[in-house]
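Whole structure, please, built from the sequences with the hints as guidance.
Protein sequence lines, in the order shown, are assigned to chains A and B. In terms of the numbering used here, the first sequence opens at residue 39 and continues consecutively. In terms of the numbering used here, the second sequence opens at residue 942 and continues consecutively.
Treat the hints with care, as some may be off.
[To be verified] Straight-line alpha carbon distances no greater than 16 Å define the calculated EDC-like cross-link-like pairs of lysine to aspartate or glutamate that follow:
no., chain 1, residue 1, chain 2, residue 2
1, B, K1024, B, E1070
2, A, K52, A, E80
3, A, K52, B, D1045
4, B, K1206, B, E1168
5, A, K52, B, D1051
6, A, K52, B, D1013
[To be verified] Restraint-style ranges between C-beta atoms, simulated for each label pair:
no., chain 1, residue 1, chain 2, residue 2, range
7, A, G115, B, S1018, 28 to 36 Å
8, B, D1153, A, A222, 34 to 42 Å
9, B, D1191, A, G262, 36 to 44 Å
10, B, F1075, A, A122, 29 to 37 Å
11, A, P58, B, Q993, 43 to 51 Å
12, A, A143, B, L1076, 35 to 43 Å
Don't read these hints as lab results, they were simulated from the structure. All C-beta atoms in this analysis are idealised placements derived from N, C-alpha and C, irrespective of residue type, glycine included.
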Amino acid sequence: MAEPSLRDVQRWMKTQIQPPAGGAVRAAQQWLNPQRDTPGFERLHVYAHGYLARMQESLAEVYEAVHHVVGEQAFAGLAGAYAARHPSHDYNLSFAGRSLPEFLAAWPRTAQWPFLPDLARLEWGVCQAFHAQLQPPVDAGQLASVAPSDWERMRFAFQPSVSCVASAWPILDIWEARQRPRQAIDIDVVGRPQQVLVFREGLTVRCELLDPAEQRVLRALLDGAMLGEACAEGSAEALSAWFNQWTRRGLITALHL
Amino acid sequence: MASHWPTIGCGVGLRTEHYETITRDWPSMDWFEAISENFMDSAGRPLHVLEQVRQRYPVALHGVSLSIGSTDPLNPSYLQRLKALADRIDPAIVSDHLCWTGVDGQNLHDLLPLPFTEEAVQHIAGRVEQVQAFLGRRILLENVSTYVTYRHSTMPEWEFLTAIAQRSGCGILLDLNNIYVNAYNHQFDPYDYLRHIPRELVGQFHLAGHTDCGGYLFDTHSAPVIEPVWAMYRWALQHWGPVTTLIEWDESIPPFARLVEEADKARAIYVEVCGTDQPVSPPLASPRR
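Here it is as structure tokens:
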């Protein structure tokens, strides 16, 4: 029998480690030495188990509130199902959970906690903000120098740490409760939509409630809309107050005509 | 033949759990090891802490995702980020593991075992040369703990490790606990392993604890170094002289003071065996205060 190539070995090992792991046991018996009294392929469970354990640990670190809400057992099931559906393509394990918000939207148990996808989006935003490279912000003087006739056509670049999440649920309240014991959490989730701004100030990630109109304008600007398109609603006074606030916090990094 | 690698004494890992203690107390410590991936993709608090630490101590960058043994192409984005971090931090040592971590573009986030074959030696030695040329520095590769071995391996692990280092010009980060774990799991004499490693290739030691899983040992880095591994450390210093040493503790991480105790124990053996008052060689002894 020809010896397997290095690539053959690696491709086969991947099938034994990544969920749903298994199959091709006869090949395993041929390629691996027995370990003491144990067939070699049985020892592969160390690697298969390790993969799932690392994925679960990493997801729990990034999605701390989701983990807290669903509990250890359900989260283990979630992590396993996610790992099977979304193999990691990132060398950095911290980023392997980037698709969890979308995955949660289709996860059967989300019916029990319908706010989970939005809560996960908030937590992914927090993770991104934590690691983001902050850029020099524009100052109020640069904004003031824009000719009034140009305002409608202006587009804005924001810090990479900035995101906003609009939810029909009180996701900021739920996120802030993530370090309290589950039995001590009593949050009325019905009919309490929240819009949350995520950004980083220095080394500190901040999450703050936004006015719904401010969230819609900010969302549109973050998506690249011109100011004239983004500000179909909102008074000039409100708009001015929002821009003052964003500028004071250093959230805007560039103006584009 | 003496090692060409810097001798920076006995250090510990820079772990999130200890950031507050370290940046508040600036404890006495020869050096810190930083896991490269925890800093190369972050411009937030982790990098800020690492830069502060680097102002005061020598630092080594230790990676887990180079995947030098994979049959996928080297990841240029990973290498660029690693180089940027190394250029920024100016580490005393850059290292990773002699393993593969993924294939076909997918990452398994583990230090996976390689068959010890001539094909693998040639493949990996060539990749190490590419990495070293790109980074503009020599790297160390660490022997990993393994739980399976391949029937078609044609050489023992120490010969595989040595061949890659000799052909590529890289050095060896010798994890003594991993040798002990593998010796138990695969039934060989750990001192046979040590006796076959040329001293001039060894740039660093790792010392760690492991877990007995009944039937095999598992490299958990979750416990103190055990006495047989301390004995191997003593043997290695007696035969090879001073080598930079790290205490690894990555699971069930204890208070920083407990890590310091373990590093002090290593330092005491180091000083006693090597007959030197200071385990740190002069050029790297001065912190960048």
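Hint by hint, here is what the structure shows:
1. K1024/B <-> E1070/B: 15 Å, holds
2. K52/A <-> E80/A: Roughly 15 Å separates the two Cα atoms, so the pair holds.
3. K52/A <-> D1045/B: Between K52/A and D1045/B the Cα gap is close to 9 Å, so the pair holds against 16 Å.
4. K1206/B <-> E1168/B: 12 Å, holds
5. K52/A <-> D1051/B: Within the cut-off at roughly 11 Å; holds.
6. K52/A <-> D1013/B: 13 Å, holds
7. G115/A <-> S1018/B: 28 to 36 Å: With a Cβ separation near 33 Å, G115/A and S1018/B satisfy 28 to 36 Å, so the hint holds.
8. D1153/B <-> A222/A: 34 to 42 Å: 39 Å, holds
9. D1191/B <-> G262/A: 36 to 44 Å: For D1191/B and G262/A the Cβ distance comes to about 42 Å; the hint holds.
10. F1075/B <-> A122/A: 29 to 37 Å: 35 Å, holds
11. P58/A <-> Q993/B: 43 to 51 Å: 45 Å, holds
12. A143/A <-> L1076/B: 35 to 43 Å: Because 42 Å falls inside the window, the suggested range holds.
Against the hints set out earlier in the document, no violation occurs for any number.
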